[in-house]
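Turn these sequences into a full structure, and let the hints steer you where they fit.
In order, the protein sequences belong to chains Z and U.
The numbering used here numbers the first residue of the first sequence as 1 and each following residue consecutively.
The numbering used here numbers the first residue of the second sequence as 108 and each following residue consecutively.
The hints are simulated quantities; they were obtained by calculation from the structure and are not laboratory data.
Certain hints may be false.
[Stated by the list, open to error] Residues from chain U shown here face chain Z by an in silico Cβ test under 10 Å; the list is partial: (1) N112; (2) S160; (3) F201.
Glycine is no exception: its CB is placed at the ideal position from the N, C-alpha and C atoms.
2 protein chains.
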Amino acid sequence: MTQLNPRDGHIVLINTFKVKSGKAEALLAALIKATETTVNKIPGFVSANFHVSLNGKQVVNYAQWRSKADFDRAMQVPEFQAHMKEMFELIESFDPVLYELRYSHGA
Amino acid sequence: MTQLNPRDGHIVLINTFKVKSGKAEALLAALIKATETTVNKIPGFVSANFHVSLNGKQVVNYAQWRSKADFDRAMQVPEFQAHMKEMFELIESFDPVLYELRYSHGA
Numbered sequence: 001m002t003q004l005n006p007r008d009g010h011i012v013l014i015n016t017f018k019v020k021s022g023k024a025e026a027l028l029a030a031l032i033k034a035t036e037t038t039v040n041k042i043p044g045f046v047s048a049n050f051h052v053s054l055n056g057k058q059v060v061n062y063a064q065w066r067s068k069a070d071f072d073r074a075m076q077v078p079e080f081q082a083h084m085k086e087m088f089e090l091i092e093s094f095d096p097v098l099y100e101l102r103y104s105h106g107a
Numbered sequence: 108m109t110q111l112n113p114r115d116g117h118i119v120l121i122n123t124f125k126v127k128s129g130k131a132e133a134l135l136a137a138l139i140k141a142t143e144t145t146v147n148k149i150p151g152f153v154s155a156n157f158h159v160s161l162n163g164k165q166v167v168n169y170a171q172w173r174s175k176a177d178f179d180r181a182m183q184v185p186e187f188q189a190h191m192k193e194m195f196e197l198i199e200s201f202d203p204v205l206y207e208l209r210y211s212h213g214a
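Pasting the structure below:
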């Protein structure tokens, strides 16, 4: 289970994938495989959280990394890049944006 | 602190605001005010989590609601709509998308 806490100091990647028609489940499976075989072994990885939009057109990875430096290094890992290439045939586009979590409020 | 758990059954709203130049902090303050005065009293509200992009151009609300029906009802609350109107002068656009959280993996 993932915890969101503005005081944890993590960097947050929100990566929005626009998927080709009917490919959301295939992309989800590819992301899970990449996470469990490669990404979870990269230093600085904290969590990955995969979401499928209700209309099936978008998949979002909400990922936490220990720092921006760790994230930047992870992007250079050849095995990671190979997984990304495999996903390109399933998607129209992707839009990775880095954020700081500034505020959380629960009911 | 917010918890992400694919088994919690929540609906997830990821709302990406593109902010006018220099307005990220003002939008963050407006979102916090709306949450603490209005949104946290609406039935079905679970959490709101506000993020500012490292480049200062985007603010994201990662929000959890108990169900889509609760979320749809919340959008009709007049006080909520009034807060949204106040925010329009700070933003270029916003893009609310509803998701299911399907998978979480922590380090």
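Hints versus structure:
| no. | hint | in the structure |
| --- | --- | --- |
| 1 | N112 | holds, 5 Å |
| 2 | S160 | holds, 5 Å |
| 3 | F201 | violated, 14 Å |
Checked against the numbered hints given earlier, the structure breaks only hint 3 and satisfies all the rest.
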